[in-house]
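Given next are the chains, with one letter for each unit.
There are 2 protein chains.
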Amino acid sequence: MSMRTEAESLELTDLQETWRLLTPEERLEAFNQLDRHEAEDFFLELPARDQHELMMLMPASQRRSWMRLLPPDDAADLVQEAHEEEREGLLALLDEATRREVAALLAYAEDDAGGLMNPRYARVRPDVSADEAISYLRRQARAVLEIINYVYVLDADQKLLGVVSFRDLFAAPGDQKVRDLMSSDVVTASEQMDQEELARLFAQTNLQAIPVVDASGRMKGIVTVDDIVDVIQEEATEDIQKIGGTQALEAPYLKVGLVEMVRKRVGWLAVLFVSEMLTTAAMSRFEAEIARAVVLAVFIPLIISSGGNSGSQASTLVIRAMALGEVKMGDWWRVVHRELRSGLAMGLVLGVIGLTRVELWQLLFHTYGSHHLLVGLTIAISVLGVVTWGTLSGSMLPFLLKRFRLDPASASAPFVATLVDVTGIVIYFTAASVILRGALL
Amino acid sequence: MSMRTEAESLELTDLQETWRLLTPEERLEAFNQLDRHEAEDFFLELPARDQHELMMLMPASQRRSWMRLLPPDDAADLVQEAHEEEREGLLALLDEATRREVAALLAYAEDDAGGLMNPRYARVRPDVSADEAISYLRRQARAVLEIINYVYVLDADQKLLGVVSFRDLFAAPGDQKVRDLMSSDVVTASEQMDQEELARLFAQTNLQAIPVVDASGRMKGIVTVDDIVDVIQEEATEDIQKIGGTQALEAPYLKVGLVEMVRKRVGWLAVLFVSEMLTTAAMSRFEAEIARAVVLAVFIPLIISSGGNSGSQASTLVIRAMALGEVKMGDWWRVVHRELRSGLAMGLVLGVIGLTRVELWQLLFHTYGSHHLLVGLTIAISVLGVVTWGTLSGSMLPFLLKRFRLDPASASAPFVATLVDVTGIVIYFTAASVILRGALL
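Top line first, the protein sequences correspond to chains A and B.
full-length UniProt numbering puts the first residue of the first sequence at 1, with every later residue one more than the last.
full-length UniProt numbering puts the first residue of the second sequence at 1, with every later residue one more than the last.
For reference, chain A alone in the conformation it holds in the complex:
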């Protein structure tokens, strides 16, 4: 193993930088130019999707050693990226024992703790001494493929009794029993725990690994925090894309083909467009009012957008708070209270700005004639109503979606804006017909 110079090290970093821009064939060529040790490090760090792509381009004879390089959970991820008909062949590349482990992992849903976990972890019996545990782990180390910062203490039935950190095992007097070193206060995950919940558990506890146990307390594997970093990034990306009114792209932006890109985006846009046609229907009912007072029409974009903006804001805050576990279903009433008061306060501020705008233009340009105060009042009261309503409905929509087991993140900014636009028009013209009756209308 030779010492790499600064320049070589930069080259590898370069490949990591440019990787995303290369075609699959260019990737294989660049990959083949790395020396074996570098290539192994590089391969282990790739996402499963890229590992699979690369492997399928290699001659079949080369695949086995790359496949066997992977720990079982990563091998399972790679197989999950493959087409149905490739899977059998990929599994056949593994040794018998690993194949059984990988097959067991594939039986779990990809997004569950069971699907993310590694079945090879460091384990000892409670009645060995620290010295014995360390020698035992040194012999185990070749098989324990991933990290070993926690050692799990199991009884003869594989039931999880406790955990001891490597640090504590190391620092302990050599003759101390593991039973007296371990903490029996173990944070565990069930096999079915969803990856979003796992991510929250890692964020809450700052642990490096969390053991997965079955219903009867038997330990099945560990999920390590490095696997969760990718999960958190993915989940946030999905939520952000949904909030922006797209289906989740599920691939890097520049890697998505044009047809795929349009397909993922135009669906939502078309739904919103058709829904927004309700505004046309709503406006048509007020055609007579518009014909009598065209001045009403010019404020429509201003009024309805204030509802859309406050609604997007409220729904985005609630969606994120739900994803972080800060707000639960049971909190909906507290959220109603908060948002109603926030909405009224913000509506009041914007309403006053709107009134000021009308009066200022009247003063400067005499734009609104003798009924300027009534026009200003109509604007102010409509904005107050629309902002309050927008805030309230934007904050409640994620709860409603979650109640019907839909993803709260689907309450995207454009979706909320569309919903609020229709009600905004109704609120505006209702306020106008009350306030301006006998004056302009």
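By construction, these hints were calculated from the structure, which means they are not laboratory data.
Keep in mind that this is a model prediction, so the values were computed, not measured.
Careful: at least some of the hints might be erroneous.
[As the list claims (entries may be wrong)] Computed from the model, here is a short list of chain A residues facing chain B with C-beta under 8 Å:
no., residue
1, Q16
2, Q208
3, V262
All C-beta atoms in this analysis are idealised placements derived from N, C-alpha and C, irrespective of residue type, glycine included.
Following the hints, put chain B in place on chain A, whose structure we already have.
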């Protein structure tokens, strides 16, 4: 150390669940009811903000042991949460050596690698054997407060020569030299590396820890992935909140007071509201056209919202791709190409839907009189123009903001929608005056 029963374990989990809902005083009370060992575990897992809150409520005499429980990087985070005038007192609780380390960490910006790193990591010289390294690390373990899954190989000047995983050190024959076990191909971070970049590096490499080195290659500390999990969650939350058109809340939703909440939200809403007044100005220029053909007014919300929706979509996709490092400044021209073509395709689809809507209503209700085809064509062409323009400007706005060193995530859905609304009105009435001249206008 007693074995905890299922029920007790549930109680601790309950506290973790209900923690967010408790007042500071209730938190201290609940915390004081835990036995010492549980309390220590619980305290170590709390966010720095909560650790600080709890500590300031304790009698001064109890603070020292809690402060000394923390590793230096966490102690530094806690001090950073404190008010200026409390900091000296908190630092004084530490022992001399740790105080120096914490003071050094406080000199780094909180969001840099230097501010996140832990200066206590496992280190060995290259020429010791695996057996010697393991005995040496057992003696070091009491001081090496955090995890030790990587052992860093340093020369006498503290220059980083390589890294060996604990697994490899363990699995090696006892007499093998560390120099022959280590990998010299080390992914490192500079002290100034920003936390967002660090998060990307962790996501790319799947490492558990990354060493921080100064300009001359001397190792200063390690950043561990568990610290980065919080960072990634925070960064995503900030981006999501900005995309939704709020200032970042910087605290859990339900913990933000009403006044603070309104303050963080109404600013942006007011800016958007005042900007949206440009639509009123734009509409006023077309008052004569509206008076002559009121039917034009009823389509305004539909037309401008299609631009806002497509713009929000495009900006959100680009913002997230930038945050993940998938799209860089230099990619702007590729993005223009993609978005122009996507925008045209999506505009075409929506335009056809719009035309169909007009013709369908004409067939069923004779809504649009003899010029129905011209009205439909006006709608279709406006939607095509508005969607293409919305998509293009939505995708370019994050680049523009980044170019001027502003946060691309500020190109929020409401902001883009507001910008596109004004141009949408101009596009619509221009199309109308060309197509409908001599007919309706």
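Is the hint on A:V262 kept, meaning its closest Cβ partner in chain B is under 8 Å away?
Because about 5 Å separates A:V262 from the closest Cβ in chain B, which is inside the 8 Å limit, the hint holds.
Given A:Q208 as an interface hint, is the shortest Cβ-Cβ distance to chain B below 8 Å?
With a minimum Cβ separation of about 6 Å from chain B (threshold 8 Å), the hint on A:Q208 holds.
Hint validation: A:Q16 versus chain B, beta carbon distance must be below 8 Å. Holds or violated?
Holds - the Cβ of A:Q16 comes within 8 Å of chain B, reaching about 6 Å at its closest.
Comparing the model with each earlier hint shows no violations; every hint is respected.
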